[in-house]
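J.: Starting from the known structure of chain A, arrange chain B on it as the hints suggest.
There are 2 protein chains.
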Amino acid sequence: MKATAKAHTNIALIKYWGKRDETLILPTNNSLSLTLDGFYTTTTVTFRDDLSSDTFFLNDQAITGEQFNRVSTFLDLIRSETQATNLYAEVRSTNHVPTAAGFASSASGFAALAAATTRALDLSISDQDLSRLTRQGSGSACRSIYGGFVEWRQGTKPDGSDSFAVQVQPAEHWDVRVAAVVLSDTMKKVSSREGMKRTVNTSPFFSGWVNSIPYDLELIKQGIKDRDFEKVGNIAEANCLKMHATTLGANPPFTYWHATTLAVMQEVQTMRERGIPAFFTIDAGPNVKVLYLPKDEATVKKALLDIPGVHDVIVSRSGQGVTYL
Amino acid sequence: MKATAKAHTNIALIKYWGKRDETLILPTNNSLSLTLDGFYTTTTVTFRDDLSSDTFFLNDQAITGEQFNRVSTFLDLIRSETQATNLYAEVRSTNHVPTAAGFASSASGFAALAAATTRALDLSISDQDLSRLTRQGSGSACRSIYGGFVEWRQGTKPDGSDSFAVQVQPAEHWDVRVAAVVLSDTMKKVSSREGMKRTVNTSPFFSGWVNSIPYDLELIKQGIKDRDFEKVGNIAEANCLKMHATTLGANPPFTYWHATTLAVMQEVQTMRERGIPAFFTIDAGPNVKVLYLPKDEATVKKALLDIPGVHDVIVSRSGQGVTYL
Chain A
638 MKATAKAHTN IALIKYWGKR DETLILPTNN SLSLTLDGFY TTTTVTFRDD
688 LSSDTFFLND QAITGEQFNR VSTFLDLIRS ETQATNLYAE VRSTNHVPTA
738 AGFASSASGF AALAAATTRA LDLSISDQDL SRLTRQGSGS ACRSIYGGFV
788 EWRQGTKPDG SDSFAVQVQP AEHWDVRVAA VVLSDTMKKV SSREGMKRTV
838 NTSPFFSGWV NSIPYDLELI KQGIKDRDFE KVGNIAEANC LKMHATTLGA
888 NPPFTYWHAT TLAVMQEVQT MRERGIPAFF TIDAGPNVKV LYLPKDEATV
938 KKALLDIPGV HDVIVSRSGQ GVTYL
Chain B
638 MKATAKAHTN IALIKYWGKR DETLILPTNN SLSLTLDGFY TTTTVTFRDD
688 LSSDTFFLND QAITGEQFNR VSTFLDLIRS ETQATNLYAE VRSTNHVPTA
738 AGFASSASGF AALAAATTRA LDLSISDQDL SRLTRQGSGS ACRSIYGGFV
788 EWRQGTKPDG SDSFAVQVQP AEHWDVRVAA VVLSDTMKKV SSREGMKRTV
838 NTSPFFSGWV NSIPYDLELI KQGIKDRDFE KVGNIAEANC LKMHATTLGA
888 NPPFTYWHAT TLAVMQEVQT MRERGIPAFF TIDAGPNVKV LYLPKDEATV
938 KKALLDIPGV HDVIVSRSGQ GVTYL
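First to last, the protein sequences are chains A and B.
Our numbering puts the first residue of the first sequence at 638, with every later residue one more than the last.
Our numbering puts the first residue of the second sequence at 638, with every later residue one more than the last.
Same shape as in the complex, but just chain A (with noise of 0.2 Å):
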């Protein structure tokens, strides 16, 4: 009845961005990931007799309130699955991902929480199950599950049976190197899900959007197979660009760009113009996250931290999916 799992979070190249249905957390549109070896969540589920309610520890501390109703909502997903209905879990889960650093922790936390609960209940579970799974806790942490680069797959069914992620390579195949790149201010005023589903329900942009991603996805599926560092950075940096595009017709319109953000943005274009292939791109915060080759980490590194209003870079190779510990 105890378990340990660890799952890494995921940079995505292709970007989650709308929800069709917002209870089943289901995509308008399928979205692609590098699983990062840097940043990852450890977690240990343990079910016992002698507890009247759940209990959740994130980095040895007790969590209360919607953090942790969002785990204990999961947990009742997973038991209603199972016998073990009135059976509660005691969740201590460590997370290695700088809040700062902008990453969705929620991605390798419900990953790593849904791998843990699973084995502790002894459910014999594909990846593929434990995918469709991890996305009703954090959509963009079925990607998770998986080692190097991931596909989600939006799917079409109103109950999401057919929405997970598969992986398309695995980190053995190509080794793309991805500095976080820490700004020394990383407010952000409107939340990921919050500005999300203004985009959906306001942005003259939406559609234009979801139209374009199947040609981005074809491209860049392509560009992976081939190892082809240009064609792949150049349309992660694109489809960033229209993810962002989207908030600014939202209505009330608003962006997730500081100043430093675009001096990161014009510092990554500068620095391909001095012939370092190097892509950048933004989830929805401030922060940047920046795509190289191994060769040029140094270089990236250095032109990163120079930059004023960069608190730090924190770089990462690729990693693998779920395993347990």
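Source of the hints: derived by calculation from the structure; they are not laboratory data.
Since this is a predicted model, take the numbers as computed values, not measurements.
Since copy identity is lost for identical chains, a pair holds within one copy or between any two.
Calculated lysine-lysine pairs in the DSBU-like style (CA-CA distance at most 30 Å, straight line): (1) Lys826 <-> Lys868; (2) Lys938 <-> Lys825; (3) Lys938 <-> Lys826; (4) Lys939 <-> Lys825; (5) Lys862 <-> Lys656; (6) Lys656 <-> Lys825; (7) Lys794 <-> Lys862; (8) Lys868 <-> Lys938.
T.: Coordinates of chain B only, in the frame set by chain A:
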């Protein structure tokens, strides 16, 4: 055979962004602007028997090359509608538009040129005809024929005969001010003309942009009529963000924004949170223009000048249409 005219530049609150005909300069949407008192061009045109070609002096410098060709081609257009097809002109212009301010001096320039040339040739021409003619020199210049708030109606005819500007409200209707925020680094890598063309041809957001205009236009005209600054400012700001969003979807993508552009945008939003009604708009370049009311002039100017990377702030009230000197 000699006349002098003065025309002011204008700032678009609903942007002109996209051509349906490159030669006749016919737009894909209606636009709306405020004519600005602080920035203008005076032009004297003298037709002389002893000239074997046109000459053009800008701020007392003889101009050749492409800039000269644009002026001479425009004179050809006017000459072709008269008997004076073999008569050449000396054109002397003085720009009171700081180039770095990021206003298209072509707006005041072509409006003054069209007015002085037609007057020098003694052509009897209505303001509407003058606007239609001016449009063929520089699109946004057709709005500078009039003072105050001006709408450029795109028209539908292939020959452009129904594409010209009309006055919505005169300058006296409402004292709205504009601060031109000049950045230290004003470089732009993509010209307005090229940016517009690339966006029309490749951005998945272009149709969303065009389709959103009629609603913006209806609301802003009502806001101008009612002197509702919140409404006018919010629509102008949102419209500018939509225009800039379209460039992020172009192939290859681009943006006119610099880091300081974002810093100015955020300072304007901060001013609003402090209760000062101020709104930004941005043309195809990194500089920002800020709309505000007369009572807030000192506060707004100081706040903008305090932003690192801001070189200068030049304020203006709304101005008159073309005048003859």
